[in-house]
Amino acid sequence: MASVSVPGETVRGGLLRRPRSTAGFWSWVTTVDHKRIGILYGATAFFFFLVGGVEALFIRLQLAQPDGKILSPSTYNEFFTMHGLTMIFLVVMPLSAAFFNYLIPLMIGARDVAFPRLNAFSCWLFLFAGLFIYSSFALGGAPNGGWFGYAPLSTVEPGNNMLFYSTGLLMAGIASTVSAVNLAVTIINMRAPGMTMFRMPVFIWMALVVQFLLAFSLPIITVGLFESLFDRRFGTHFFDPAAGGDPVLWQHLFWLFGHPEVYILILPAMGIVSEILPVFARKPLFGYQFVVFSGIAIGFIGFGVWAHHMFATGLGPVANTAFGISTMIIAIPTGVKIFNWLGTIWRGDLRFTTPMLFALGFIAQFVVGGLSGVTHAVVPADYQQTDTYYIVAHFHYVLFAGAIFGLFGGMYYWWPKIFGRMLNERVGKVQFWIMAVGANLTFGPMHILGLEGMPRRIQTYTPALGLGVWNLVVTIGAFTIAVSVLIFIGNAVASFRRPKDAPADPWDARTLEWTVPSPPPPHNFDEIPVVHALDDFWHRKYAETEEGTLVPVPAGGSGDPRSDDAHGSGHGIHLPSPSYYPVIAALGFPLIGYGVIFHWWMAVAGAVVVLAGLYGWAFEPAAE
Amino acid sequence: METAQHIYESEHEATSTGLPNAKLAMWVFLASDCLLFGALITTYVLYRGASLVGPYPKDVFDIPYTSVSSFVLLASSLTMVLALAAVQRGDLARMRVWLLATALLGMTFVGGQVYEFTTFYREGLKLSTNLFGTTFYVLTGFHGTHVAIGILMLLSLVAMSFTGKITQRESMTVELVGLYWHFVDIVWIVIFTVVYLIPTGK
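Residue numbers (my numbering), protein chains in the order written: chain A, -7 to 616; chain B, 861 to 1062.
Derived from the structure by calculation, the hints contain no laboratory data.
Predicted model only: the values in this text are computed from it and were never measured.
Using N, Cα and C, we set each Cβ at its ideal position, and we do this for glycine too.
Worth double-checking, as some hints may not be accurate.
To be verified - Just some of the chain B residues that point at chain A, by a computed CB distance under 10 Å:
no.	residue
1	A891
2	G898
3	S911
4	Y925
5	V928
6	S929
7	V932
8	T994
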């Protein structure tokens, strides 16, 4: 069935022996198992979620009352910039990557991703990039020019703050590009027999669209970041009006990446919701092809709407109209998805579990954020809304009440698969309701504040403006969210105190990852499954009568995973060996970053480390 | 299970598309790299003729000189193809010769670029002189870095061929480096045309 590695096989050419430990610290550092890497991504992202959340709480304490004195203006600038950078680049993106890594091979019936060592490299480089950016707090000041780092503020302001921004994001970008190539190849090339493109779960489709968005948008911001870095460090004039340069070029480069990025953040959550709804409605996803094609359409049109972030920069009426129209057009495929989700739950046999609540919360709240987004497409309205709290309200509805809710739903849904333990359902439902109340209390009033004229990124405001009441409500909402997150942590910790007793298929689900034990064995599948239909696992469990009622296929039927004897020990299946080199190569990058900011010899040392890592990698024997 | 068996075994694995993983990955990477050069070239074109002070392109460019070094780079694509052909028929010695020839031609190009940069610098065009200096050095510098990385990969291939990592059966690594090398050559055709051949007026 699978090849047997021959003991005593001599392999030459390696500098270091391949690591062998399967437990403990070093086994995690050197792992190339996509499941462990997924958990590493998730843990790191959750850590940064807490850090970014604490930053948000400080911001809200500062703004709770007029004339707040908790944060100085300069600290406030660092906090709102780092809150944005953290939540986008170090939380939502890697949390999505955690699900991609863990689930893509399991859902398409593969044993790992296409390039396991590259996968480990991406994960470590992302972690080091995050730590690198945060080290700026100790090294003279954190990025303080907003998450979009507009020139010329980012290129002329004194201090190293924005150098950490450009170098840190370049590193994170390399990590994401590498991972995008890896995962795109995995999805296109490593599907189980019979898993045609249109038998793939919608989550996998959304993952594929996201990988292409990453691969095509990250190089654009890479160029922008290099130009910004060179302007600061080497005296170039890319964004320098005094020498004829145009700061608006930065905005174009940034948003040409920045708008696809918005879909990079939301499509994974949309994929998760598309998996959760059919399971708990006990119906297939309504209009599978429509959901898939609207995801692809969103990916394409997402590259043609970037200037709606720049209506107020003076591009002229023709450009503004064109981008206003394209922005309204992109609402169509998004709306198609919403109606398909509603069609899925319509007359379904609904089970209101915690994942289902989060998925439904996602739909309701994403609609609010989506609708306020359409109002930005109306150029005259946007002139009023731009740079006010109305914008802040919009993107938090989409990214927190949308993406984060979807990702929490995913955590509740796949927790038993990943850790072999169920999260407490009752606690989960309490968490959902507190989080939903908190989110709407926080981000709902921001619409009002914005329309009343409260600008974004403002450190304080005078009592005369009459903004105090709603700001206090927003702050109370933010702390309500914090309570809900603490409840989740309690739920997670409590789950680890219980024995591993989650069944392979606790939710009566539809996709391949539920056919293997919880947690899955290192080799995922004893035998690579053969797929015959969309939702193949469901059809193995249920048949339909002529009236359309579901009839369970008798246990022990073909390929039924509920029969425990179906799982072998997996001995003899050849898995990629762990490796030291990905983490070594990744370690060189922050050194290069510090070198660019402080002393050039550090950059040379970093480059040597990277090269050493890559050469060790290239010459590493396949296995020991 | 045929598919499972070969996934980590070799490059001749059974994949969903029939295309080896590494080759597909190289294509996706090159597509992504297209956007990198796309953004750099766009920046250059946007700032053509926008410099407020000299020296301007016509003051420093030596078109015949750069044409020759461009020809050298393009010729290296031929030697790269010959290297791949050699390894595919199992002639490792010939492959090493052609790989080294490719690397040598690449180094000639990069050396020419270094000489060109030094000359321009002496003529008063620095990175910070004007928008032309800014955009010219950064665009051609990024391309030169790509060529330099390619040279490193070519030399690594030669080294790897002595450890048994490159054989007639495992020839795809050479093909991948070849794809990258040809891509870098093609990009240079665009850059050479846009930067050197189309006159700016100033």
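With a cut-off of 10 Å, does the beta carbon of S929 (chain B) approach a beta carbon of chain A closely enough for the hint to hold?
violated, 24 Å
Does A891 (chain B) hold up as a contact with chain A if the rule is Cβ-Cβ below 10 Å?
Check passed: Cβ of A891 (chain B) comes within 7 Å of chain A, closer than 10 Å.
Hint check: 10 Å Cβ-Cβ cutoff, V928 (chain B) to chain A
violated, 29 Å
When the nearest CB of chain A is found for V932 (chain B), is that gap smaller than 10 Å?
violated, 26 Å
Holds or violated: is the Cβ of G898 (chain B) closer than 10 Å to a Cβ in chain A?
Holds, because the Cβ-Cβ distance from G898 (chain B) to chain A comes to roughly 8 Å (cut-off 10 Å).
Is the hint on Y925 (chain B) kept, meaning its closest Cβ partner in chain A is under 10 Å away?
violated, 25 Å
With 10 Å as the cut and Cβ atoms as the points, is S911 (chain B) at the interface with chain A?
For S911 (chain B), the interface hint holds, since the closest Cβ of chain A sits about 6 Å away, which is under 10 Å.
Once the shortest beta carbon distance from T994 (chain B) to chain A is found, is it less than 10 Å?
This interface hint holds because 4 Å falls under the 10 Å limit.
Of the hints listed earlier, those the structure fails to meet are numbers 4, 5, 6, 7, in rising order.
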